[in-house]
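*Asks:* Spelled out, the chains give:
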Amino acid sequence: MSLNLTYSKIHKIFDPHSKNPVHALNDVSFSIEPGELFCLLGPSGCGKTTLLRATAGLETITSGHILYGDTDMTSIPPFRRNIGMVFQSFALYPHMNIFENVAYGLRVRKMEEKEIRRRVTEVMELVGLTEELKRNPSPTGLSGGQQQRVAIARALVYDPDILLLDEPLANLDAKLRRYMRAEIRRIQKATNITTIFVTHDQEEAMAIGDRLAVLRKGVIEQIGTSDELYTNPSNAFVSNFIGKMNFFNATLVGSHSAKIDTTTVVVDVKPQRSRLNVGLARGSEIFVGARPEQLEIVEEESEQTIAATVQIIQHLGQVVRYEVLLDKAISPTTMEIDMPHYLSNVREQDSVFIRFKEGMPFLFNREEQN
Amino acid sequence: MSHDPVTIKKMRKDITPYLIFSIPLIFMMIFLMYPMVLTILRAFMPSGNKLQMGAFSIDGFTKFFTSSMYKKALNNSFIVSLSVTGLCILIGVPMGYFVARVKIPGKNFMLSLGILPIIMPSFVGAFTWVILLGRQGVIRHFLNLLLAPLGITIPTIYGMFGMILCMTLTYYPFVFQLAYGAFASANALLEEAGMLMGASRWYIFRTITFPLILPSLGAGALLVFVRAIGNFGIPAIIGGDKYVLPTLIYFRVNGFWDLNGAASIAIVNVAITALVLYLQKRIVSRHEYETISATHSEIKQHDGKAIRIIAFVYCTIILVVSLLPQVTIIVMSFFEKWVGLFPEGFTLRHYTRIPAHSHKELFNTFYLSIMATVLAALLGSLVAYITERKKPKGAALLDMSIMMPFILPGTVVSVALLSAFSGNSIIKLTGTYTIIVISYMVRRTPYVYRSVAASLSQLNPSLEEASTIAGANWFYTFRRVSVPLIMPAIISGSILTLTTLLQELSTTILLYSSKTRTVPIQIYGAVADGKLGEASALSVVLLIVVFVIVYAMNRKQGKSIASAFKMG
Numbered sequence: 001m002s003l004n005l006t007y008s009k010i011h012k013i014f015d016p017h018s019k020n021p022v023h024a025l026n027d028v029s030f031s032i033e034p035g036e037l038f039c040l041l042g043p044s045g046c047g048k049t050t051l052l053r054a055t056a057g058l059e060t061i062t063s064g065h066i067l068y069g070d071t072d073m074t075s076i077p078p079f080r081r082n083i084g085m086v087f088q089s090f091a092l093y094p095h096m097n098i099f100e101n102v103a104y105g106l107r108v109r110k111m112e113e114k115e116i117r118r119r120v121t122e123v124m125e126l127v128g129l130t131e132e133l134k135r136n137p138s139p140t141g142l143s144g145g146q147q148q149r150v151a152i153a154r155a156l157v158y159d160p161d162i163l164l165l166d167e168p169l170a171n172l173d174a175k176l177r178r179y180m181r182a183e184i185r186r187i188q189k190a191t192n193i194t195t196i197f198v199t200h201d202q203e204e205a206m207a208i209g210d211r212l213a214v215l216r217k218g219v220i221e222q223i224g225t226s227d228e229l230y231t232n233p234s235n236a237f238v239s240n241f242i243g244k245m246n247f248f249n250a251t252l253v254g255s256h257s258a259k260i261d262t263t264t265v266v267v268d269v270k271p272q273r274s275r276l277n278v279g280l281a282r283g284s285e286i287f288v289g290a291r292p293e294q295l296e297i298v299e300e301e302s303e304q305t306i307a308a309t310v311q312i313i314q315h316l317g318q319v320v321r322y323e324v325l326l327d328k329a330i331s332p333t334t335m336e337i338d339m340p341h342y343l344s345n346v347r348e349q350d351s352v353f354i355r356f357k358e359g360m361p362f363l364f365n366r367e368e369q370n
Numbered sequence: 001m002s003h004d005p006v007t008i009k010k011m012r013k014d015i016t017p018y019l020i021f022s023i024p025l026i027f028m029m030i031f032l033m034y035p036m037v038l039t040i041l042r043a044f045m046p047s048g049n050k051l052q053m054g055a056f057s058i059d060g061f062t063k064f065f066t067s068s069m070y071k072k073a074l075n076n077s078f079i080v081s082l083s084v085t086g087l088c089i090l091i092g093v094p095m096g097y098f099v100a101r102v103k104i105p106g107k108n109f110m111l112s113l114g115i116l117p118i119i120m121p122s123f124v125g126a127f128t129w130v131i132l133l134g135r136q137g138v139i140r141h142f143l144n145l146l147l148a149p150l151g152i153t154i155p156t157i158y159g160m161f162g163m164i165l166c167m168t169l170t171y172y173p174f175v176f177q178l179a180y181g182a183f184a185s186a187n188a189l190l191e192e193a194g195m196l197m198g199a200s201r202w203y204i205f206r207t208i209t210f211p212l213i214l215p216s217l218g219a220g221a222l223l224v225f226v227r228a229i230g231n232f233g234i235p236a237i238i239g240g241d242k243y244v245l246p247t248l249i250y251f252r253v254n255g256f257w258d259l260n261g262a263a264s265i266a267i268v269n270v271a272i273t274a275l276v277l278y279l280q281k282r283i284v285s286r287h288e289y290e291t292i293s294a295t296h297s298e299i300k301q302h303d304g305k306a307i308r309i310i311a312f313v314y315c316t317i318i319l320v321v322s323l324l325p326q327v328t329i330i331v332m333s334f335f336e337k338w339v340g341l342f343p344e345g346f347t348l349r350h351y352t353r354i355p356a357h358s359h360k361e362l363f364n365t366f367y368l369s370i371m372a373t374v375l376a377a378l379l380g381s382l383v384a385y386i387t388e389r390k391k392p393k394g395a396a397l398l399d400m401s402i403m404m405p406f407i408l409p410g411t412v413v414s415v416a417l418l419s420a421f422s423g424n425s426i427i428k429l430t431g432t433y434t435i436i437v438i439s440y441m442v443r444r445t446p447y448v449y450r451s452v453a454a455s456l457s458q459l460n461p462s463l464e465e466a467s468t469i470a471g472a473n474w475f476y477t478f479r480r481v482s483v484p485l486i487m488p489a490i491i492s493g494s495i496l497t498l499t500t501l502l503q504e505l506s507t508t509i510l511l512y513s514s515k516t517r518t519v520p521i522q523i524y525g526a527v528a529d530g531k532l533g534e535a536s537a538l539s540v541v542l543l544i545v546v547f548v549i550v551y552a553m554n555r556k557q558g559k560s561i562a563s564a565f566k567m568g
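Chains S and B supply the protein sequences, listed in that same order.
Sequential numbering from 1 applies to the first sequence in the working numbering.
Sequential numbering from 1 applies to the second sequence in the working numbering.
So that you can see chain S by itself, here it is in the shape it has in the complex (with noise of 0.2 Å):
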């Protein structure tokens, strides 16, 4: 029975007297299926740790409501909501063994001891704690992973309405990481509780998540699935932080075509892959964008080519990623080109010339980049 979790018109001002008040969530209004796993995305300080706190009560909000269910739980205090959490630091009690640590929130809801007992025993195996819950040392005596686990058990054995992840995966190295996103959901997924994971990878968050809200500055920018963000982006920041984007400067000439900056090429898009303004103006500054998959490269020229020049050839397995660098006119980074195989002629300081493959670029508009 999981509840599903409403936010309505959050602001969150610290300091609103101060001179520079910040204004940490602005107008956040979204909800979340019940036994959904849904991630909040976004780089440092774009709100989402003040958003989870918020859930959980630890933050107070300016104004708006948050509910569980249909029951508001805007000014319950964090003790009443019947919540699990899992903090970055883990938050283990270094006083307790791994029993009273995960006993913990039962005895505050003084239960009886066979059932605690029961209860434990049986999260630790969801967990898979079994042997160490038998040795039953300090959290301090475990591993990183392990210690993760038991945070968990911690936050699910009492059942909790929802259970939030404040980057629970920050603490622990590359292939534990990996390792460990599966296991979140697949115990996410034997519980069917509402959850909430934080995290500024996006990496993780498309592979962990349900369904994914992009936020930046405070403002929900996208709330979609790990593949309508990533095939659907409705803005520059999205495309660009959930996988790679490359920017082309671009002069707007047809409703649906541009013409990128000091070339001959134009680009037609799908009229569903334009994220452009309303009733922009022909000759309005904009972006096409492309990802380094929608693009190749090329050795003969053409009207539909660009040339670049090679910085650096990485071989990352699947692809072969070059980076090339174009006309500071078109754009003053580096763009990244994948390739499925390896171009044996071409070495890096060469130059060659790169063409979108067919139907594939986006239209942005230019101001929104970051």
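No lab work stands behind these hints: they were computed from the structure.
You may find that some hints are simply not true.
Across the chosen pairs, the derived CB separations fall in these ranges [stated by the list, open to error]: (1) S:E228 x B:K391: 42 to 48 Å; (2) S:R321 x B:R479: 54 to 60 Å; (3) S:S8 x B:F478: 30 to 36 Å; (4) B:K300 x S:E228: 57 to 63 Å; (5) S:H95 x B:F210: 35 to 41 Å; (6) B:A271 x S:H95: 44 to 50 Å; (7) S:P16 x B:Y278: 36 to 42 Å; (8) S:K328 x B:S457: 49 to 55 Å; (9) B:K391 x S:K328: 48 to 54 Å; (10) S:S8 x B:Q458: 38 to 44 Å.
Pulled from the structure, derived: some chain S residues nowhere near chain B, Cβ distances all over 10 Å [said to hold, decoys possible]: (11) N26; (12) T130; (13) K189; (14) S257; (15) D261; (16) T263; (17) V298; (18) L325; (19) E336; (20) M339.
Note that beta-carbon positions come from the ideal geometry of N, C-alpha and C, so glycine has one too.
For this one, chain S is given, so just place chain B on it according to the hints.
*Replies:* Coordinates of chain B only, in the frame set by chain S:
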């Protein structure tokens, strides 16, 4: 379902922390601020003990220019505290370096022995030096015999030389322990990087190692200076005719009941300490660095034969000399008298008479110290928890008033309390247990406060938040998470408080009555009457109690006690 932001705010703000917060604030107001204000007022009144609001006089201060006794006392205080600070640095820094950086045997043993001089009552150190270097002192006697053919005689301990010697040997452990800590915990990578860039050992010491330990050194030096200038016991016993400010205060109060005059001296005394504290802060703050490094590597120790021998011999000599008093009082306590080379007349009398002659004093000492420790622990932890976690308005004021007694010499606290609560004042506390407990609390709460505040600031707030999330209310979280986690800090702060209170002399001496006499007062009296055996036996008892407590704490927590004394 309408919650405007104002009601949300009201719901969350719990006023209990504020109510609790007011308790320590009121305590400090009544028993520290009010007495200090009265002391300042009294300092500008004509001499005597009357509180005359209308009368204004700066006689108390002009005496520092007119009276030769005042001038000399001020002068002596400066000479003694500055020389003691300098000598402690000269002795303590090399010793800290040797123990931290040179491969010598028995390092832990040296560190433990190096604590002893500070846990022993300083006036006990003073009278044992009387036994050793007094008019009939053992060593003096021996050296004079030795040097007689050359026509040289060793001066007696009484006077400036004795005070400086005694205080240096008592307080050098502060510098030693803090320097050791800094040298041992410094990041070796920083020095290795210097070496790779081609710097010589001495160049590295001068440009990297030393600047990085400077803050610790500054803290150590300040600690020594503040204690030296506020010390009463040592100058009272071996100062002879050389007065310093604390003994001058005692003289004004005890000899003439001139509270107003004493207040003037107290103000001068505090002003000097405050000035030095300010200078130290300014100098040190310019040299405080955060270490920018993720990795930490073990310090490589010197293992050259010559330096190992030098280091070992140096440390051993310092330890032996500074521990002579301990050995001396143990021997002395079993003998009738000790003039000349050997003690004479073995006896257990000094111990057997303790139950009959000192039961009241023993009871008073433990009763007063334990009462004050428990109350100071409660007060200190409470204030630390509130200022660290709730951060209310006025926290800075509370922090300041709690820390102020750190720079107040014991005699000054007594004068302040007498100023406020004696004679014709509204609340009369003179001669009561209460006034002594209060003076102890005012002086020692900083120990617990500092210890707990430091431990709280290192405690990740998410530990407490996790408990709140799990459904626990404020009090449950406080009881099950906060208190257990800061308990070690509360205990170590309390132990420190208790051990220093058991041997407290400088505050008690102005506040005690026949009813509230403590063991240190009795020892002081016995020394004054020349009953050294009796004084020694009582000191041994005190020393054993203190030693057992400190030893038990060190075993349990393995923490350096010197760092707990650190201030500011």
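*Asks:* Against the structure, test the hints numbered earlier, and report the numbers of the ones violated in rising order.
*Replies:* none
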